[in-house]
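Each chain is listed here by its residues.
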Amino acid sequence: MNKIKGIIVFILAISFTIGLTSCGPNGSGNSNNGALTGSAAEKVFVAPGEYDEFYAFVSGGFSGQLAVYGLPSGRLFKVIPVFSVDGEKAYGFNEETKPMLETSYGFIPWDDAHHPDISQTNGKLDGRWVFINGNNTPRIARIDLTTFETVEIIEIPNSAGNHSSPYVTDNTEYVVAGTRFAVPVPQKDMSIDKYKGNFKGALSFIKIDPEHGSMNIEFQILMPGFDYDKAHPGRGKSHGWFFFTTYNTEEANSLLEVNASQRDKDFIAAVNWKKAEEYIKAGKFKTMKTNYAHNVYDETTHMATSTMKKEVRMLDPSELPGLVYFLPTPKSPHGCDVDPTGEYIVGSGKLSANVTVHSFTKMMNAIKEEKFDGKAYNIPILKFEDVLAGTVVQPGLGPLHTEFDNEGNAYTSFFISSEIVKWKLGTWEVIDRKPTYYSVGHLMIPGGNSQQPFGKYVLAMNKITKDRYLPTGPEVTQSAQLYDISGDKMVLLSDFPTVGEPHYAAGIPADLIKANSKKIYLLEENKHPYATKAEKDAKVVRNGKTVHIYMTTIRSHFAPDNIEGIKVGDKVYFHVTNLEQDYDVPHGIAMIGANTSELLIMPGQTETFVWEPKKAGVWPFYCTDFCSALHQEMQGYVRVSPRNSNVKLKWSLDGEAL
Amino acid sequence: MKKSKITMLIGVLLLLTLYVFPLWKITLVAPQYPEPLGMNIHITHLSDGVQYNDVKNIDLLNHYIGMAHLPTEENVKKGVVEPFLEFDIFPIIIGVMVGLGLIFAFLGKSKLFLTWFIIMAILGIAGMYDFYNWLYIYGHNLDPKAILKIIDPNTGKLMGYQPPFLGYKKILNFEVYSYPQIGAYFLSLGILLSFVAYIMGKKEEKEKSVENN
Chain A
1 MNKIKGIIVF ILAISFTIGL TSCGPNGSGN SNNGALTGSA AEKVFVAPGE YDEFYAFVSG
61 GFSGQLAVYG LPSGRLFKVI PVFSVDGEKA YGFNEETKPM LETSYGFIPW DDAHHPDISQ
121 TNGKLDGRWV FINGNNTPRI ARIDLTTFET VEIIEIPNSA GNHSSPYVTD NTEYVVAGTR
181 FAVPVPQKDM SIDKYKGNFK GALSFIKIDP EHGSMNIEFQ ILMPGFDYDK AHPGRGKSHG
241 WFFFTTYNTE EANSLLEVNA SQRDKDFIAA VNWKKAEEYI KAGKFKTMKT NYAHNVYDET
301 THMATSTMKK EVRMLDPSEL PGLVYFLPTP KSPHGCDVDP TGEYIVGSGK LSANVTVHSF
361 TKMMNAIKEE KFDGKAYNIP ILKFEDVLAG TVVQPGLGPL HTEFDNEGNA YTSFFISSEI
421 VKWKLGTWEV IDRKPTYYSV GHLMIPGGNS QQPFGKYVLA MNKITKDRYL PTGPEVTQSA
481 QLYDISGDKM VLLSDFPTVG EPHYAAGIPA DLIKANSKKI YLLEENKHPY ATKAEKDAKV
541 VRNGKTVHIY MTTIRSHFAP DNIEGIKVGD KVYFHVTNLE QDYDVPHGIA MIGANTSELL
601 IMPGQTETFV WEPKKAGVWP FYCTDFCSAL HQEMQGYVRV SPRNSNVKLK WSLDGEAL
Chain B
1 MKKSKITMLI GVLLLLTLYV FPLWKITLVA PQYPEPLGMN IHITHLSDGV QYNDVKNIDL
61 LNHYIGMAHL PTEENVKKGV VEPFLEFDIF PIIIGVMVGL GLIFAFLGKS KLFLTWFIIM
121 AILGIAGMYD FYNWLYIYGH NLDPKAILKI IDPNTGKLMG YQPPFLGYKK ILNFEVYSYP
181 QIGAYFLSLG ILLSFVAYIM GKKEEKEKSV ENN
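Quick mapping for you: the protein sequence lines, in order, are chains A and B. For the first sequence, the residue numbers in our numbering are 1 to 658. For the second sequence, the residue numbers in our numbering are 1 to 213.
Accuracy of the hints is not assured; some may be wrong.
For lysine-lysine, the following DSS-like pairs were computed, each having C-alpha atoms within a straight-line distance of at most 27 angstroms [unchecked claim]: (1) K650(A) - K78(B); (2) K145(B) - K519(A); (3) K650(A) - K203(B).
Label-pair distances were calculated between CB atoms; the ranges are [unchecked claim]: (4) T44(B) - A515(A): 30 to 40 angstroms; (5) N562(A) - K149(B): 19 to 29 angstroms; (6) V81(B) - N562(A): 35 to 45 angstroms; (7) E35(B) - K78(A): 13 to 23 angstroms; (8) K149(B) - N644(A): 19 to 29 angstroms; (9) Y179(B) - K78(A): 35 to 45 angstroms; (10) K78(B) - T147(A): 52 to 62 angstroms.
To be clear, the hints were calculated from the coordinates, so they are not data collected in a lab. Remember, it's a predicted structure, so these values are computed and weren't measured experimentally. Glycine included, C-beta positions come from ideal geometry on N, C-alpha and C.
With the hints as extra help, turn the sequences into a complete structure.
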């Protein structure tokens, strides 16, 4: 027995040694080179007090949030709650933000946040808003980049699995939503077996108000029941078009991993949204009854409102010529990416070893000459050979996503072979490849999906980390990796852990945003209905069993901080206004036994939490944000008396009524 | 018009800038305030020196050390501080001095220029003394219930927090700078010009008397 053990150890030792000395194709072992590591450290080191060059907005995937990092350092600045409640910021807990998470299904505390995308003007990042999709209960959110807060969420009706979303057009005219799981439209009780031909996939075009950014579902296109996976707007010359990859054109409804992988080619759907606008103008739509939530946060009232909308305008592509064309694309294409010139549409067949690139010019010629290869649900299919620009041959296994630099190169992530491959647009030759650790999904170059990529770095967002960090039990950290792409060859600079699954990211030069970042909310602009703008106006008002406390905070006390006359069974609203008007002086408040989170109130802001005292007694509350040297002293008491008591309502600060 | 008259006129009119520009500015820098807080002192009011709300925020910080509230319009309205008399008196004095200066300039007598210069110099010194006094009172007239009471190791007494009259002083975690502003420069220039006008006028008068002789 011992002998066998010895032999095994010997064999292991030998294979390990061999493994060390032969470092695989293209010398990927070079990443362990000491000298290189030294210069890499310098490239990602941002000295204390210095700023990063780029902001990176990295989605949290199943965390439902959006994290803000600096590049190249990989330092985390903020986690912006979007689709998931966040006790730290009271998002979804305070009365003001609860409406943000309303849907046609009621309040939903979570979603799966996938693709952040920054608003653009003339195909260039303008740094005004980030849009991001919620995958599970289809929604799109807008984050304001002056406050770094979620200010709007719109639910998408008639769809399911909003994955091919949001992706802004050149002038932020539209963001889109797709349907990854075809469903009956409108929803109805029917046999799942009857999927084929009966289920539909709606593509939604959400118009963005050019000044305020507010979202409105302009129209939906009722597509065949394929799975719409990813999308990208046309850029420059292809502006006016939108491209969606599809899989499961087989229209299978079970065991998709086999049944949706049978066809040699699925489609990229090319949607002419300018044509759609003409059809809408001409009245060629059907108004469909539906029900979806539109939630808007108002920065002056510091409150969100949720309204239910009741109809959408639906376009039927089988009846409207010129609206949609299908471009055959091999093997369940996932990523759908358009290069900065708008000429090339890259379809990454995730089960293929090749990357397929279509030509917009060829597509337009084929459409003009009506060279169709049949139709699917009356939508013309173009011939593969007629639209093909070229193929990147055997660059790796499992291509997913492509972004671009400013020198005509493309960078594609390969999930299965776990690497990034750099290749040349037009010649389709592979220039470089670097491993990722491990199984990269999306990758991101600042501006790399716009007309103006900034190059410099590519960020790989990995699905698996395994041994890359200190272990933390079965669930290990998620991770991103930063590569320098300023030279011919990519250089791995650093790994950094991320919050949630780093699904996709949007990067932008810090200079385009940082000067616009708000420091405080002006108290005089606060229009919250329960705002208290001076201590002397603080008060407590009883209305039956409902009590409203108008409270203020300023370093380092609450006003009032002694309240009596509350009774068991009351519903007590704490409307707390932070009177501070100084940068970075938030106050928090938490009440013992309150069935909710703390509040975290920015200067000039009003927020509200509800407390329903269950027991008589004297109950303390305190400031939760370390606001000042007297933070520990920032506390108060509420006296709660039995229901039938006749303790009078009174409130005070330092023994004096306010 | 005589050169001395024009010079006097310019000097007098320069005083009008005091209604627009601040006289003095106190700036506070601390680790927590890498972007400093600033307070401009005008003849009529206090104003934010660096960013919006600076005066309000300085006033708020002052409460830690028990300093009295600043005489801002808001605080006076709230009744937490007496109105600052100087803000009512200074604009009147300046107005009167401009009026007087204009009459003197019109009369064009060099002796009158000198008179105006002397009055202004006295008023200037009195104003500076008043300002110093104000700083002293603010720095020493502290609330006995103040949150931070720090004993001066040198005197063994409660530490005062008088801001510097001119230049730099470290007060607790703050580095405090106090410097004249454009209003003060124009004021000084105005006073100086009146003296120059006096010398020019004297010369002109001498030349005239020589001519007459």
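Against the structure shown, which of the earlier numbered hints fail to hold, in ascending order? 2, 3, 6, 8, 10
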